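Student: Read off the chains here:
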Amino acid sequence: MRTIPELIENSMHRKREKQSSPLIPILFGVILLVIIAISIFNMKPEDQKSGFFEIVFILLMAIVAHAFSVNINKPMVLVLIFVGILLSNSFLSTIWPYLPNLKMIPIDPPNVFPNMEVLQTFATFGLIILMLKVGLKEEIGHMFRKDDIPLIILDVAVPFAIGFLYAQYTGGSFLFSMFLATALTATSVGVTVSVLEEFKAIKLPFAETIMGVAVIDDIISLALLAIITSLAVGAESQTILNLGFLLIAGIFYLIAGAKLFGLIVENHIDKGGFDQETLLIVLASVFLYSYVAEFIGLSTILGAFFSGLLLTKSKYRHKILVFAKAIGALFVPIFFISLGLLIDVQAVLKFWEPVLILTFVAVGAKILGCGIGALLSRKSITESLAIGVGMAARGEVSLVVVLFGLNAGVLTSNDYSIISAVVIITILVVPLLLNRLVPKIISLDNLRKADQNKEKSNIRYLS
Amino acid sequence: MVRKIVSKVYPITLAAIFVLFVILLISIIRTSIFGEVDLHKYAFFEISLLLLIAVLAEIGVLHSKQPSAILLLLVGMLMSESVLHFNIFKDEELIQLFAQLGAIFLLFKVGLHSSFKTIFSKENAVVGALGVLLPFIVGITYALATGGNFAYSMFLGAALTATSVGVTVSILKEKNLMKEKFAEVIIGAAIIDDVLGLLVLSFILNVPAGYELPQIVSLFTSVFANGLTPEFLEFALPLGQVILSTIVFLGGGIIAGKWFIKNVIDKLELDNMSFLMAIAFLHLYSYVAEVIGLSAIVGAFLSGLLLTGSRHIKNIEEKVYPLETIFVPIFFISLGLLINVNDVIIFIVPILIISVLAVLTKVIGCGAGAVLSKMNKQDAMIVGFGMAPRGEVALIVASIGFARGALDPSGYAIISAVALLTTIFPPFVMNYLINKRKVVQK
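Residue numbers (my numbering), protein chains in the order written: chain A, -3 to 459; chain B, 149 to 590.
Calculated from the structure, these hints are not laboratory results. One should not assume that every hint holds.
Straight-line Cα separation of at most 30 Å, DSS-like style, residue types lysine-lysine; simulated pairs [unchecked claim]:
no., chain 1, residue 1, chain 2, residue 2
1, B, Lys152, A, Lys142
2, B, Lys152, A, Lys321
3, A, Lys267, B, Lys257
To list a few chain A residues with every Cβ distance to chain B over 12 Å, as calculated [as the list claims (entries may be wrong)]:
no., residue
4, Ile22
5, Thr90
6, Glu113
7, Tyr249
8, Lys311
9, Leu352
10, Ala404
11, Arg432
Since the structure is predicted, the reported quantities are computational estimates derived from the model, not experimental observations. The C-beta atom is built at its ideal place from N, Cα and C for all residues, glycine as well.
Based on the provided sequences and hints, a complete structural model is requested.
Tutor: Quick look at the structure:
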């Protein structure tokens, strides 16, 4: 036993003298590869380890994706979702028969993530941290403006109407059309926000507009969901009761929650220095607040976002943001990869026609609705286009809507895979389109600022 | 007029809404604890509850001046099923995963804060080795003498080797003695203790189940008489495999890790990316260590130690802190949750005896080591008592033994109670000794 410190020192000496035999590192590398191979192909299933492995593996993939995204100059979110798709069960089992029949690879496709439940929980934590981060960066005053009212109305109305009409046109029932329309209404801010963050555009006016409107349309979609679910289930009195409960609880949640958070910030977070205790209080209250949102029937995303907004009042706002980023580094990639894992590649291949058409409808409806709305709210054309594209990503809320539809028996499992595939594809489309638009807006913004400065200096010069 | 009414009504409605919301909140918490909630949603409640408990414990730390690990353990014990008679924490899988991550981050931090040179000095090695050997032997002997089975005795021995210097260090810091010789020895030797303890643990885990001491002795004697018998091979092969892969892992891991840090991590410019790399590095090493048959924490410690050589060390340390803040408290609470309080009450006599033995062996072992490396007797005593707390590493040993089925609930309860007692009391003695030393110096 005493030899262990010596062993470590010896190996260091050897390294220094550059005479080390390559045997041990090579053996180490072999062990590493073997372990990863065994873990992926699940030859040695052990529950406790597999949960751990999935997280290790996702982290490694996230880093590969990170490095890759820098190389090919595409947003990381896109690469992460793509990695998720590549690792998903459906993709692997689709591609497996076409692989050359090598002896090294087992015949059955591997199930890389057998422990999906734990992964989902981690992914939701990632989402919470992501929204917390976003909330912390926003200013409440910049997000909700009276100017944006036409934008909000068109943002909800146009996609809903187009979705409904499309479903009616293709011969869907009334309830089916309602579900589809609701699924097309909700925007996923998570994806858009991360893309904007990567471009460092989150502080620009159009990004703030997107945030505010997206949050509102999430709330509206959830309310719509509550209505149509109860329609689908059919209990009339229950409907009104549920909806009433959701509305009242939602209002309480926002008003009283804000007050409660104010108290916590004042009495606990801002008192004394920023230490471990403060960080724990912040995290515990954020998680609890999100949980309450989920419990009431609003979604966790909203809870996390609002708690972020409310925490901006704290004097430690920036420190909290730094810490949220560090925690997010572990959880957020898991969220995006899990989005990719959800897509059913086989269903997309099988129903590629409706998926393609519906994707066009979904993206087009938002670009149309939000674009016109933004123009009415006195934005420039480029900005309006960016807002439309930014709002085109559907996400968690849409997936929840589809899931409810499936459970209520309105959607068949085919419908479910088609719509959820469309949801994920819209997520993939947005970063690609924003990739071109955002730099333009940033340069325009810079020009405008430069102009303003010039004017100012001119004025100064003249006076 | 209208404005007047509004201005009067407004605060009242606000207060009413507030009160209603608090009622709603309480009812939600009530249904969450007692009712049936979707497990997927419940995870959030569980985690926020755990974090809130951690907050309370942190506040308790300020008042009681006990280490937070001890308080968290006690709180966990009070919230366990054996006390409350119902289960608050329903999603056990998730908590276990969080706890495992907590243990990893804890050891990672220990690794980040140590360095090869200051730890592996001769004095530290002597003090550390004696501080491991004596408690290990005494622990095993005691357990075997009182009729414990072989697995239990090995675990008790391994748990007694560990040292937790968290409390000791905080006392030394308070008294501004961190630069003294004995402080350096305590910290260095404690880390050596931990590493040796963890290695001992890894070997114990791979001793095939169901063997008792006389059987093993007879196996070894039969080798001398008859050469390699199949029975001996059956016993020794897994063990040999672990020893071999440990050597490859430690040796290869150090060389490959140094290369990786120098050529990959240090070449990165972005802060975020280097942190992500470091976290992935940590997880990879822990996972590999776990699969090989060592435990994940050995890998975590090694990766932390290696990363001290990186130029991003400051950045990594800063960013690991919040992760640690989430996971580590959950780890300690989960350890407390596993303790069956009834067992602690039943086995109070052996617990007390073992605790006394644990303190004595460390004081004698480490003290003798310190005297051997030419420290005066007083400082040697301080080193001995400073090293006596067992703390988190003993708890880790016990929890791993419990998870693998080598320890029964009573064995787990005994070892964790011992860890608790030895962490609470020796620091008082050390404090007293330090004060006396100052008086003498004056």
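Student: Now tell me, hint by hint, if it's right for this structure.
Tutor: Cross-check of the supplied hints:
1. In summary, the hint linking lysine 152(B) to lysine 142(A) is supported, as the alpha carbons are separated by about 26 Å, within the 30 Å threshold.
2. The straight-line distance between the Cα atoms of lysine 152(B) and lysine 321(A) is roughly 47 Å, outside the 30 Å bound, and the hint therefore fails.
3. As the CA atoms of lysine 267(A) and lysine 257(B) are separated by approximately 28 Å, the hinted pair is consistent with the 30 Å bound.
4. Once the 12 Å rule is applied to beta carbons, isoleucine 22(A) is inconsistent with being away from chain B; the minimum gap is 8 Å.
5. With 12 Å as the threshold on Cβ separation, the claim that threonine 90(A) sits away from chain B holds: the shortest Cβ distance comes to roughly 28 Å.
6. Not every Cβ of chain B is farther than 12 Å from the Cβ of glutamate 113(A); the closest lies at roughly 7 Å, contradicting the non-interface assignment.
7. Not every C-beta of chain B lies more than 12 Å from that of tyrosine 249(A), the closest at about 7 Å, which undercuts listing it as non-interface.
8. Non-interface status of lysine 311(A) relative to chain B is upheld: no Cβ of that chain comes within 12 Å, the nearest being about 18 Å off.
9. For leucine 352(A), the requirement that its beta carbon stay farther than 12 Å from each beta carbon of chain B is met, with the minimum near 32 Å.
10. At roughly 17 Å from the closest C-beta of chain B, the C-beta of alanine 404(A) stays outside 12 Å, upholding its exclusion from the interface.
11. Under the 12 Å C-beta cut-off, the non-interface status given to arginine 432(A) relative to chain B holds; the minimum distance is some 24 Å.
Violated hints for the displayed structure, listed by number in ascending order: 2, 4, 6 and 7.
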